[in-house]
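Chemist: Residue numbers (our numbering), protein chains in the order written: chain G, 1 to 166; chain V, 167 to 480.
No lab work stands behind these hints: they were computed from the structure. In this text, a Cβ means the ideal position worked out from N, Cα and C, and glycines have one as well. It cannot be assumed that every hint is accurate.
Chain V stretches covered by chain G per the calculated footprint, using a threshold of three residues with CB under 8 angstroms from any CB of chain G [what the hints assert, rightly or not]: (1) 224 to 238; (2) 465 to 475.
Partner residues aside, some chain V positions facing chain G, computed with beta carbon under 7 angstroms [said to hold, decoys possible]: (3) V168; (4) I172; (5) S218; (6) L309; (7) P395; (8) R412.
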Amino acid sequence: MSSPQFAVQALYSSHHGWLHTWLRNRLGNAADAADLAQDTFVRLLQRTERLELKAPRAFLRTIAQGLVIDHWRRAEIERAYLETIAHLPEAQTPGAEAQALILELLEAIARMLEGLKPKVRKAFLLAQCEGLTYKQIAEQMGISLRSVERYVADALYHCYVLRYED
Amino acid sequence: MVKQAIHWLLRLRNHAANPVLRQQCEAWRIAHHDHELAWQRVQSLHSELTSSLRAVPGARTALDTLETSAQRLGRRQALKLLSGIAVVGCAAWLGKDLGWQPWSADFVTATGERRGFQLPDGTRLELNTNSAADLDYTASQRLITLTRGEIMLTCGRDPRRPLLVKSRHGLFEGLEGRFVVRQDHDCTRLSVTSGHVAIRSHVGSDGAPIQVEAGQSYLISASTATLAPPLDMDAGAWADGLIVTRNMRLEDFLNEVGRYRRGYLKCAAPIADLRLSGVFRLEDTDKLLAVLPHTLPVQIHYRTRWWITVERTA
């Protein structure tokens, strides 16, 4: 075993149980907790920086916390998506594979939009998804045209920073 | 500079036919190598976002899904921060099972604690001292199960899903307005502050369904639902941090205050029937008790900080 792997192995023995419990409290069930605990250690293996951890639990918790948020995001997107298409007739409902792809897509977009204030996000989505004019958006949201312009620009800037400045 | 690129992109998209604008943009791009780079990046980011969103079939699907999930995610995270207790979630994973999974969460308050929560559908839920409620929102219904204590609900509108509250003794549907459900050991009290609430688990003595109106309270046991006589205490004042009493027996009053405190709080038998009316603040129950001797012929005895008896003035 290479040195980083050895370090991870040591972390695993010492902290896996604790991490699993921590996750179970956050997620509410043992199966998902087990999955995410595994993922946390897999992530660790993928990191290239040296694992000289003075506070291993805090470090693990940070990684796990990110995974928990991803988990919830995925769950909420799926739930909202199923609700949204619930009214569609059988013939128009995408098949399981297509749904899986759509959900992946939506999740990727949701990640980009995370952190946007609700009004900013809404204005942006109305512009991009619905193709409404800014005037129409302003009317629908009850805000000024200038605000709409500002919000859409803010949203794009936010996505830009996420994409290119990391 | 990136912001400038964004500015140009958006302007051009909205005023595509304007050649002057186009020229100005070109000029800006040429002005500096970094401008052009920013432009290219912003362009590709924008078209990527646009095509991703267009790739989701169905009118409004992407918009609704993203908006709804973002709102719920925000609330989920807020709940975790507020209460510090686990928010229990059931979730179906992508790739595992695409069946419907409800979101259930536990809301809990400790002794003396009161909390309010905004639920995903706009309903406001307040928990009184020492209470616990489960949330079970699915595609077809909004169910709140009161497992312990007392809650107040301000109904959020959702024509597709009834707002249901379940206690150990009955099931109620909040039609509109605001109401309080209090679960005691042997019965549940339903008090409507405004609007109407229907009792779904019991029928009236005439066999007809019961609709509770503003100002009314019903006492519901496992077998019966009866209209309560006028209350000696305002059913919902706790949500404003107050106990408001109308000719309430001292013993009952102390039992009520005791819900918000640790320890022992009782009065001597001879004074149990003394009556009091007034408005009392729950914020500081020590102060509340200290004020009693001003209005009633009683003395407060502190055996310890947490063992208090109320006696007749000597």
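Chemist: All hints, please: hold or fail.
Modeler: Evaluation of the provided hints:
For the stretch 224 to 238 of chain V, the proposed coverage by chain G is satisfied: 14 residues have a C-beta within less than 8 angstroms of a C-beta in that chain, meeting the threshold of three. Coverage of the stretch 465 to 475 of chain V by chain G is violated. Counting CB-CB distances below 8 angstroms, 0 residues qualify, and the rule asks for three or more. Contact between V168 (chain V) and chain G, as hinted, is supported at the beta carbon level, the nearest pair being about 6 angstroms apart and thus within 7 angstroms. Using the Cβ-Cβ criterion of 7 angstroms, the hint placing I172 (chain V) at the interface with chain G is satisfied: the shortest such distance is roughly 5 angstroms.
Using the Cβ-Cβ criterion of 7 angstroms, the hint placing S218 (chain V) at the interface with chain G is satisfied: the shortest such distance is roughly 6 angstroms. Below 7 angstroms, beta-carbon pairs count as interface contacts, and L309 (chain V) has none with chain G, the closest being about 16 angstroms; its hint is therefore violated. Annotation: interface hint on P395 (chain V) violated; nearest CB of chain G at approximately 43 angstroms, more than 7 angstroms. About 43 angstroms separates the beta-carbon of R412 (chain V) from the nearest beta-carbon of chain G, more than 7 angstroms, and the hint is not met.
Comparing the model with each earlier hint shows violations of hints 2, 6, 7 and 8; every other hint is respected.
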